[in-house]
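Q: Residue-level listing of the chains:
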Amino acid sequence: MTEIPGDLELALDADESCDLDELVRQRRPADFDALVSLLRSDQAREAPHRARAIYALGRWGDPAVVGAIRDLLPGLHHDERISAIDALGRLGTDEAVEGILGYATDESLPMRKFVARALGRIGTPRAQAGLSELRQADPSDYIRSLAAGQLAHS
Amino acid sequence: MTTINVRTAVADRLGKSGTVSLKKDVFGVYSDDHPQSRSLLTQMDLILNKPLVRVAQVTVIGGDIVTPTPRPQRDLDNANTIYQRECGAWIYCTGNITVDRIDLTFLDQDDCNLGASHSVSDDEADLFGLGRDLGANIVGYYIWSSPGHGGCAAHPPGRRGFWLEFGSIKPGSPQVAFAHELTHNVGHNHHVKKPADNLMTTKKGKTLSSTLTDEQCQRILADPDMEYP
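So the sequences go chain by chain: A and B. When we follow my numbering, the leftmost residue of the first sequence carries the number 1, and every step to the right adds one. When we follow my numbering, the leftmost residue of the second sequence carries the number 1001, and every step to the right adds one.
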């Protein structure tokens, strides 16, 4: 069991992410290891801690965690899955794109919004192809417009 | 015996004229989620004699998101209890609207850095444009969620405000989360670790008994949006 540093524990418990953002800026290896360990925690462990670990790891920017986050996707509830899509978009590997594209036709509009934003951040040819599909085929005017905007900026 | 002209006081101090609603214009109550007896005499004392900060509230809804609902009046009442008890100031709600914007129910946000280092996302730019015609410089937004979760008082330059989520992941201190975020705005108060019962700690379970220090109150009372009689 990886020990959670005190400052990180407080940041994970907080109602805002600002303290977590500060720890991400500091980039302490012990915090990274602890955040990764939270991805491996079972469902019974506090869901907010896992969701916040996903948030922080996405902003940490180390693509080594892409596989772990992608593997979690099917078992996450809706809100956590959006956090994971957001994080994958910030990590930006081909494996991340494949995980994100798995939710490109999700019935939830907010999910598809974060899919479009994540693909736009990554901007690789595969991500752009996914955005093109959203631009052409998504049932929502908003998502089609968002995808078009992301394509224009990528 | 002193006679108080409510209409005059409300016009002079709060800027409300024409047809005046006792509930909305005098008490600043726009939601029915926290019913309680409210004393007109006490309210007039606040209006006539105490510093106030104006706040508006915006709830963002959309799609299938119907429950749970936020409790904006409870949040205002609790924030008022703490501000009046700790600092002798009060919070006047100038309006509360609900906006159907499913695209903003889940907020895309890069970070929650308080201050100039905050990166303003497109969603934040949109969200913090809502409710700017409600008569307050500070607006509290209720959204379903954001990857950052909980709440955040980081805001675009010139658009003071904060958001709170009311979705599946609840704040650790739901009773005073509004007061906490508001206090990041009013007086630019940051998190503290001591005293343990302070409103601005990050620990879970903060309650109406949460305190503010003299220093925090001084910053609140010196805020540019604090109005004096």
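Just so you know, these hints were derived from the structure itself, not from any lab. Careful: at least some of the hints might be erroneous.
Pairs of lysine to aspartate or glutamate residues, derived as DMTMM-like cross-links and limited to a Cα-Cα distance of at most 25 Å, are as follows [unchecked claim]:
hint, chain 1, residue 1, chain 2, residue 2
1, B, Lys1193, A, Glu3
2, B, Lys1203, A, Glu22
3, B, Lys1193, A, Asp13
4, B, Lys1023, B, Glu1227
5, B, Lys1204, A, Glu98
6, B, Lys1193, A, Asp19
7, B, Lys1204, A, Glu107
8, B, Lys1204, A, Glu95
9, B, Lys1193, A, Asp7
10, B, Lys1194, A, Asp7
11, B, Lys1203, A, Asp7
12, B, Lys1203, A, Asp13
Q: Which earlier hints can't be squared with this structure?
A: Of the numbered hints, 5, 7 and 8 do not hold.
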